[in-house]
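Put together the whole structure using the sequences plus the hints.
The sequence shown: position 169 = 378 (the working numbering), numbered continuously.
By construction, these hints were calculated from the structure, which means they are not laboratory data. A couple of the hints might just be wrong.
Unchecked claim - Calculated cross-link-like contacts (lysine to aspartate or glutamate; reagent style EDC-like; alpha-carbon spacing at most 16 Å):
| hint | residue 1 | residue 2 |
| --- | --- | --- |
| 1 | K449 | D407 |
| 2 | K449 | E400 |
| 3 | K449 | E406 |
Stated by the list, open to error - Label-pair distances were calculated between CB atoms; the ranges are:
| hint | residue 1 | residue 2 | range |
| --- | --- | --- | --- |
| 4 | W341 | D568 | 50 to 58 Å |
| 5 | L391 | R487 | 17 to 25 Å |
| 6 | E323 | F288 | 36 to 44 Å |
| 7 | H289 | T216 | 21 to 29 Å |
All C-beta atoms, glycine included, are put in the ideal place defined by N, C-alpha and C.
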Amino acid sequence: MNVRLGTTQIRLSRYIALWTLVAVVFAVQNSVNSGMPGTDWPLWDLTRWSLIQWYTWAALAPAVFRLAERFPVRGAQRFHGLGAQVVASVCMTFAAMVVGALVSTLFEPSGFVEQLGYFLEQHFAIGLLTYWTLFAIQQALHFHAEKARRELEASQLATELAQSRLLALKSQLQPHFLFNTLHAIITLLDEDTVSAEDMLLRLSDLLRAFLEDYDGQEIRLRQELDLIELYLGIQRIRFKDRLTTRTYIAPDTLDCAVPSLILQPLVENALRHGIGQRVGSDTIDIETRRDGDALCIEVRNRNSTLSAEPTASAGHGIGMSNTRLRLRELYGDAADVRLDMIWPEGVVCRIRVPFRELDGADDAPEFDPGVSPA
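The following block contains the structure:
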């Protein structure tokens, strides 16, 4: 069983124990004072009087908390609330004196009037102090609860803002990718109608996967690899024998959580700044491995280079900037992305994200790890 004090609940046993402790402390204090001449009272009598006094306030405390909630001393109505509390403190203290006197008549030979006079004389001042102490406790609990509520709301707003940013970033990726792929299909229509039709079918499969299965911000790596394989199939048709793709996937990383569509803009950048702008063939390598508490993802191409400009390593276009922003929103400082030169020629994009496996891995489509050349 619980006792409700405003928005706070406390077990009845603890509540009684707390007020009993208060009563005992005052009884001991009165016992020490009773050693003075003319004030020699037995300890039992002092304890009984103290228990009657403080158990009365224990019974009235919930009402005090309700009055404190009803007439708070804050905001535009603080003066009205203060006036109401002054009246309430006097009335509630007088009620405590009446209740205490009624209970005391059960144990004392004197009548109710005499006991009421005694309580008013001895306990009215401390009763007022008790009321305002309970009022202060209620106000402190209210401010603490209000602070916690506002912090929770701020946290929820920050989460909603982050989700909105992520959705905006993801919505930028899909039209960008779609535009580039349709442009490649249009280019092939006059050259190779069969290949163009094959690209359209692959694009249809890829868009269906986007719309039906991958609406979240994170998916398992094996699902992301399925998506990128559809995309690479489109690009292999476009570039024919000029493009080779290889994957090196550590089996223990297949069920790790990764941001959805994290690989597509990186591969697209590798193609655009490599084989898309330079003569000759190119090889796109995708590698994943676990490094302690991090998942490492690398996308390499062998037919591109980084400019000597200081801003070159920061990324190119919407792909890298979007990837960097998404990683920051999802993982903060726990994620990292950077571009490096590789010997003798080529560029590698390296990503590190926290290693965390997603549930429900048994339902994921199978992906064959290891080297899979086109």
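Evaluated hints:
At roughly 13 Å between alpha-carbon atoms, K449 and D407 fall within 16 Å of each other, so this suggested pair holds. Taking the CA atoms of K449 and E400, the gap is about 12 Å. The hint holds against a cut of 16 Å. Simply put, K449 and E406 have alpha-carbon atoms about 15 Å apart, close enough for the 16 Å limit, and the pair holds. Between W341 and D568 the C-beta distance comes to about 54 Å, which sits within the given range of 50 to 58 Å.
Between L391 and R487 the beta carbons are some 23 Å apart, a value that agrees with the proposed interval 17 to 25 Å. Here the CB-CB span from E323 to F288 is close to 40 Å, well matched to the stated 36 to 44 Å. Separated by about 22 Å at the C-beta atoms, H289 and T216 satisfy the suggested range of 21 to 29 Å.
Of the hints listed earlier, there is not a single one the structure fails to meet.
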